[in-house]
Amino acid sequence: MAEVSQGGGGGSKDGKVRAKKASTKIDMTPMVDLAFLLLTFFMLTTTFNKPQTMEITMPEKPRGEEKLPEVNEKKVITLILGDDDKVYWYHGITDPKIELTDFSKNGVRKLLMQKNSEIPGMIILIKPSKESRYKNVVDILDEMNITNMQRYAMVKITPTDEELVKESNL
Amino acid sequence: MGKVKVHRTTPSLDMTPMVDLGFLLVTFFMLTATAAPDEPLTVDMPSSVSEIKLPETDILTISISKDGKVFFNMDGKYNRQTLLQRMGEHYGIPFSDAELARFSVMSTFGVPVQNLKELLAMNSEQRKNLEQPGIPVDSLNNQLKDWIIYSRMSNPKLRIAIKGDQDSNYPVVEKVMNTLIDNNVNRFNLITNLERGS
Chain A
1 MAEVSQGGGG GSKDGKVRAK KASTKIDMTP MVDLAFLLLT FFMLTTTFNK
51 PQTMEITMPE KPRGEEKLPE VNEKKVITLI LGDDDKVYWY HGITDPKIEL
101 TDFSKNGVRK LLMQKNSEIP GMIILIKPSK ESRYKNVVDI LDEMNITNMQ
151 RYAMVKITPT DEELVKESNL
Chain B
1 MGKVKVHRTT PSLDMTPMVD LGFLLVTFFM LTATAAPDEP LTVDMPSSVS
51 EIKLPETDIL TISISKDGKV FFNMDGKYNR QTLLQRMGEH YGIPFSDAEL
101 ARFSVMSTFG VPVQNLKELL AMNSEQRKNL EQPGIPVDSL NNQLKDWIIY
151 SRMSNPKLRI AIKGDQDSNY PVVEKVMNTL IDNNVNRFNL ITNLERGS
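Protein sequence lines correspond, in order, to chains A and B. No gaps in the numbering here: position 70 of the first sequence is 70 in the working numbering, and each next residue is one more. No gaps in the numbering here: position 26 of the second sequence is 26 in the working numbering, and each next residue is one more.
Where hints are given, some of them may not hold.
[Unchecked claim] Some chain B residues judged to face chain A by a derived CB distance under 8 Å, without partners named:
id, residue
1, Phe29
2, Val49
3, Ile52
4, Leu54
5, Thr57
6, Ala161
7, Gln166
8, Ser168
9, Asn169
10, Asn189
[To be verified] Subject to a maximum C-alpha distance of 30 Å in a straight line, what follows is the list of computed BS3-like cross-link-like pairs (lysine-lysine):
id, chain 1, residue 1, chain 2, residue 2
11, B, Lys69, A, Lys156
12, B, Lys3, A, Lys21
13, B, Lys145, A, Lys127
14, A, Lys130, B, Lys145
15, A, Lys61, B, Lys66
16, B, Lys69, A, Lys166
17, B, Lys69, A, Lys86
18, A, Lys156, B, Lys175
19, A, Lys127, B, Lys69
No lab work stands behind these hints: they were computed from the structure. Note that beta-carbon positions come from the ideal geometry of N, C-alpha and C, so glycine has one too.
With these hints in hand, go ahead and build the complete structure from the sequences.
This is the structure in C-alpha cells:
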C-alpha cells in the first residue's frame, strides 16, 4: 500500500547500459501496523483518572483531665445518620424536636443553608448511627464542604440519640 | 514521432511523519502506563465533589470491603520489606528473605499476620481464588494498629488513605478511624470518586 516499487522499465532507447539502481525505499507498512496496534493497546489500557480524595482532620483524643470545650446548646444542630439514607436532625439539646430529612438537594443542604443564616456561629454535630453506611458519612462531609460549614464535628452516637430516633418513628 | 506518454504517478505517499508521531505516542503511553495490580477485592467508592488528587507515592491504603473486611496496602518496595521484617519480629514470626521479596511485590492483602506465610507461598492464581478474611481490627486483637505503627516507622512520610466501599457499615469504618486516631493519625484521606452531575 505504501510503496509500490516500480520495475526497472527496461533499457533506455539509446542503448547505454546503466547500472541498475536499487530503490532505497523500504516498505514500512508492517511496522506502521504494529506501531498503531501498540498505540491503540496502550491508549485503551491507560487510566487517566486518578482517584479523588477528601481530606479529613479529626480532633485529637482528649488526654487525662483535659476538658472538652463547652458550647451553647442553642447553637448546636445535631444530624443523625440513620439507615436507608435517612437523616434525622434536631436543634438544641434539651427537649429536642426530632425531624427527618434526606440527602437530596432540597433536603439536608437546604436545611443547613437556612439554619446557618438563622443561627450565628452554628455548630453541627454529625452522629452516624450503627445502621448508617460509609456512603452516608462521605455524603454528609461532602455537604459540609458544599455549604461551606465552618464548624462541624463527627461525634459518637449516644444511647439517648438512638432512643430519640426510635421514639420518633420517622 | 514518439507518442506522448501519460506520466503515471505512483500511488505512494510519504508516511514518515505519521510513523514518527505514531511511535512518539506509543512511547508516551508505554512510559506513562502503570500495570494495574491484582486486587483481592473490588471497592465501589462513594462519590464526592472534592477535587484533590491522591498523591501517587508514600500512600498507605486501608480498604474496607462491602462485608466489612479490612485490607492493607502500602507502596514502596523497600519500605514494605522493612515493614514485614518488623512485623515478623513483633509477632515472633521469622520471615525469610524470599518471603520478604515476595511481600514487597505483592499488592493489597487481608489476612492475619499468622496466615501471611501461607499467602506468600501461594502463586498469583491461587491467591486470586482465596477468600481473604481481612485484617483483625478488634480491640483485643488489633493487628491493623501494628501494621500502621510499623509502616509509619519504615516510611515517616506516609499518608494514610481510607478506601471504603459505599455500602460498608459505619461501625467498621469507625473502628478503622479510631485505630488511626489512637495512633495520633488525625489527618487522613477518604478516597472517593468524582461526583457525576446530580
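Going through the hints against the structure:
1. For Phe29(B), the shortest C-beta to C-beta distance to chain A is roughly 3 Å, which falls under 8 Å, so the interface hint holds.
2. The restraint placing Val49(B) at the interface with chain A holds, with a minimum CB-CB distance near 6 Å, inside the 8 Å limit.
3. Here the hint on Ile52(B) is kept, as its CB sits about 5 Å from the closest CB of chain A, short of 8 Å.
4. Interface hint at Leu54(B): satisfied, since its Cβ lies 4 Å from the closest Cβ of chain A, which is below the 8 Å cut-off.
5. At about 12 Å, the closest approach between the beta carbon of Thr57(B) and any beta carbon in chain A exceeds 8 Å, and the interface hint on this residue is violated.
6. The closest approach between the C-beta of Ala161(B) and any C-beta of chain A is roughly 6 Å, which is under the 8 Å cut-off, so the hint is satisfied.
7. For Gln166(B), the interface hint holds, the least distance from its beta-carbon to any beta-carbon of chain A being 4 Å, beneath 8 Å.
8. Interface restraint check: Ser168(B) against chain A, minimum CB-CB distance 5 Å, threshold 8 Å, status holds.
9. This hint holds: Asn169(B) has a C-beta 6 Å from the nearest C-beta of chain A, less than the 8 Å allowed.
10. Checking Asn189(B) against chain A: minimum C-beta separation of about 4 Å stays under 8 Å; hint holds.
11. The suggested pairing of Lys69(B) with Lys156(A) holds, with an alpha-carbon distance near 21 Å, which does not exceed 30 Å.
12. Taken as a hint, the Lys3(B) and Lys21(A) pair is honoured in the structure, with Cα atoms around 27 Å apart against an allowance of 30 Å.
13. Proximity of Lys145(B) to Lys127(A) is assessed by CA-CA distance (about 24 Å); at most 30 Å being required, the pair is judged to hold.
14. Between the alpha carbons of Lys130(A) and Lys145(B) the distance comes to roughly 22 Å, so the proposed pair stays at or under 30 Å and holds.
15. Between Lys61(A) and Lys66(B) the CA atoms are separated by roughly 28 Å; this keeps the pair inside 30 Å, and the hint holds.
16. Distance restraint check for Lys69(B) and Lys166(A): the Cα-Cα separation of roughly 29 Å lies within the 30 Å cut-off, and the hinted pair is therefore satisfied.
17. Of the pairs offered as hints, the one joining Lys69(B) and Lys86(A) holds, with about 25 Å between alpha carbons and a cut-off of 30 Å not exceeded.
18. With a C-alpha separation of about 11 Å, the suggested pairing of Lys156(A) with Lys175(B) holds against the 30 Å cut-off.
19. Taking the CA atoms of Lys127(A) and Lys69(B), the gap is near 23 Å; set against the 30 Å cutoff, the hint holds.
Hint violations for this structure: number 5 only, all remaining hints satisfied.
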